[in-house]
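Asker: Use these hints to put chain B onto chain A, whose structure you have.
There are 2 protein chains.
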Amino acid sequence: MFNTVTIIGTGLIGGSMAIALREKKLAKKIIGCGNDEESLQQALSLGLIDEILTLEEGVAQADFIYIAIPVHAAVHVTAKVLDLVNDAQIVADAGSTKEKLCRAIADHSKRKNFVASHPMWGTEHSGPAAAVSGAFTGRACVICEPERTGENHLLQTESLYNQLGMHIVNMNAHDHDIHAAYVSHISHITSFALANTVLEKEREREAIFELAGGGFESTVRLAKSNPDMWAPIFLQNKENVLDVLNEHIHQLINFKTAIEEENNTALSALMQNANRIKRILPS
Amino acid sequence: MFNTVTIIGTGLIGGSMAIALREKKLAKKIIGCGNDEESLQQALSLGLIDEILTLEEGVAQADFIYIAIPVHAAVHVTAKVLDLVNDAQIVADAGSTKEKLCRAIADHSKRKNFVASHPMWGTEHSGPAAAVSGAFTGRACVICEPERTGENHLLQTESLYNQLGMHIVNMNAHDHDIHAAYVSHISHITSFALANTVLEKEREREAIFELAGGGFESTVRLAKSNPDMWAPIFLQNKENVLDVLNEHIHQLINFKTAIEEENNTALSALMQNANRIKRILPS
Numbered sequence: 080m081f082n083t084v085t086i087i088g089t090g091l092i093g094g095s096m097a098i099a100l101r102e103k104k105l106a107k108k109i110i111g112c113g114n115d116e117e118s119l120q121q122a123l124s125l126g127l128i129d130e131i132l133t134l135e136e137g138v139a140q141a142d143f144i145y146i147a148i149p150v151h152a153a154v155h156v157t158a159k160v161l162d163l164v165n166d167a168q169i170v171a172d173a174g175s176t177k178e179k180l181c182r183a184i185a186d187h188s189k190r191k192n193f194v195a196s197h198p199m200w201g202t203e204h205s206g207p208a209a210a211v212s213g214a215f216t217g218r219a220c221v222i223c224e225p226e227r228t229g230e231n232h233l234l235q236t237e238s239l240y241n242q243l244g245m246h247i248v249n250m251n252a253h254d255h256d257i258h259a260a261y262v263s264h265i266s267h268i269t270s271f272a273l274a275n276t277v278l279e280k281e282r283e284r285e286a287i288f289e290l291a292g293g294g295f296e297s298t299v300r301l302a303k304s305n306p307d308m309w310a311p312i313f314l315q316n317k318e319n320v321l322d323v324l325n326e327h328i329h330q331l332i333n334f335k336t337a338i339e340e341e342n343n344t345a346l347s348a349l350m351q352n353a354n355r356i357k358r359i360l361p362s
Numbered sequence: 080m081f082n083t084v085t086i087i088g089t090g091l092i093g094g095s096m097a098i099a100l101r102e103k104k105l106a107k108k109i110i111g112c113g114n115d116e117e118s119l120q121q122a123l124s125l126g127l128i129d130e131i132l133t134l135e136e137g138v139a140q141a142d143f144i145y146i147a148i149p150v151h152a153a154v155h156v157t158a159k160v161l162d163l164v165n166d167a168q169i170v171a172d173a174g175s176t177k178e179k180l181c182r183a184i185a186d187h188s189k190r191k192n193f194v195a196s197h198p199m200w201g202t203e204h205s206g207p208a209a210a211v212s213g214a215f216t217g218r219a220c221v222i223c224e225p226e227r228t229g230e231n232h233l234l235q236t237e238s239l240y241n242q243l244g245m246h247i248v249n250m251n252a253h254d255h256d257i258h259a260a261y262v263s264h265i266s267h268i269t270s271f272a273l274a275n276t277v278l279e280k281e282r283e284r285e286a287i288f289e290l291a292g293g294g295f296e297s298t299v300r301l302a303k304s305n306p307d308m309w310a311p312i313f314l315q316n317k318e319n320v321l322d323v324l325n326e327h328i329h330q331l332i333n334f335k336t337a338i339e340e341e342n343n344t345a346l347s348a349l350m351q352n353a354n355r356i357k358r359i360l361p362s
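Chains as they are written, first to last, in my numbering: chain A, 80 to 362; chain B, 80 to 362.
Since the hints were made in silico from the structure, they are not lab data. Heads up, some of the hints might be wrong.
Identical chains blur together in the list; that is why a pair holds if it fits in one copy or across any two.
Unchecked claim - No farther apart than 25 Å at their CA atoms in a straight line, the calculated lysine to aspartate or glutamate pairs in the DMTMM-like style are these:
(1) K189 <-> E224
(2) K103 <-> E237
(3) K179 <-> E289
(4) K335 <-> E279
(5) K335 <-> D307
(6) K179 <-> E226
(7) K104 <-> E136
(8) K159 <-> E117
(9) K317 <-> D307
(10) K103 <-> E289
(11) K357 <-> E296
Next up, chain A with everything else stripped away, as it sits in the complex (with noise of 0.2 Å):
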């Protein structure tokens, strides 16, 4: 249980976390600061945090200061908020990437008060009004580097997040980016760009609409995410989501090839071999 928590972004992810330490009780107040003045009214106004805070201030009051913003932003921001605190303080961050800000806080004198997160739960929906109860239940929570991060900076971190239901999973920050870039950026990407095929080829929109049971929904449910965040992902990961990229294109082009050449066994062969899949994610 912390006295006061300083959420930082209180969006889609800061807000959810809000919820679930209330609903827990990890957390006395909550503190929200921010730039998106609009997304901190909306998060007091839903009751997600008690009060509204400028970073320096909200620092200053805190036992825990969580992260929650695109991370771009949150490289700048994270380094920002070490300088300001003091070696009981805890920061972590809930970022889909990790290995530009774990470079940038690399040297930081206070690089032991930071835990290096993810939280493996997202919807495709933003802002303070999409937060949810139960948000993290049964997930993954990457922690990068831990042996970077104080004993109790990382004890008290990795009991808050399995007192939300989640299970640590630790990894360095260069294989998270890969991992992530596979099992999580790719598909954004390809949601994104099956939405901008159907709506390039198909003018006609009732006809989405009305068959859409055939499949389309839950491929192309991520294509409603924020490109606000998802943008700088995809930059600060280049590498590894044009690798993922690339092979994914390769692969849309085996399927092209055998439907061109009518070939059913090579077609069946690659679908066969997706087929592996149920064996790793079962339903």
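Answerer: Frame of chain A; chain B shown alone:
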């Protein structure tokens, strides 16, 4: 209410139709036919069907014959069934492609007995054990070339689908196949290709499983689908599928270029365009 319904192909769709017919009390007796003996035996032991008969026997006894088999087989089986029926019997299919089938039986003397239909429902699972209750409720059912079906045959089939909770959408077979390529077939290809991408790049299965909360599950779900069903669909709808697949590869290359050039404006614009899907498919 039909006295006897014969379902040819007792897999996901045929089996779910059987469950719906029983629950809505729309058939006194349900007969199963088909080439897949294992599927038929399973459907019988699950209570989906009352009896297994040969195609000839099954058709002879039925008021209503429902064809729910892979689309390449449906072309031949539908013609064969129409050879066997009298003027009163109704034949309908559930295939995901319509143009080849409609063309193949266009000049059949029993064309008016046939309803070319496509209930817009499915899951990634297959076989009788995957059949579920309430499968078709709230979904659209496309009926192609209704003017080529006899009035009574059409009315009874529409009434059946309506009683299962579906609403009818009329389309010509050519347009159906174009729309199906956009809103269903391409989603399956991207999902299969995404699974292959991740299986190729991500050698650590544990990482896929642990981190899948990041959006991967929903986009890869359809990659579990049955190749025996989907290969014939892609090949029968080759032209439309290739058209939309080429556009999709083009859209992915747009993302690739924007990321390579670190062009935040272009990248955001691509995603903002994709966000328009929200207006067509609200949550």
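Asker: The structure should be examined with respect to each hint, and the outcome stated for every one.
Answerer: Hint check results:
no., hint, verdict
1, K189 <-> E224, "within (14 Å within a copy, 72 Å between copies)"
2, K103 <-> E237, "within (15 Å within a copy, 52 Å between copies)"
3, K179 <-> E289, "between (44 Å within a copy, 22 Å between copies)"
4, K335 <-> E279, "both (19 Å within a copy, 18 Å between copies)"
5, K335 <-> D307, "between (33 Å within a copy, 18 Å between copies)"
6, K179 <-> E226, "within (18 Å within a copy, 63 Å between copies)"
7, K104 <-> E136, "within (23 Å within a copy, 68 Å between copies)"
8, K159 <-> E117, "within (22 Å within a copy, 66 Å between copies)"
9, K317 <-> D307, "within (16 Å within a copy, 37 Å between copies)"
10, K103 <-> E289, "between (42 Å within a copy, 24 Å between copies)"
11, K357 <-> E296, "both (20 Å within a copy, 11 Å between copies)"
In this structure, every one of the numbered hints holds.
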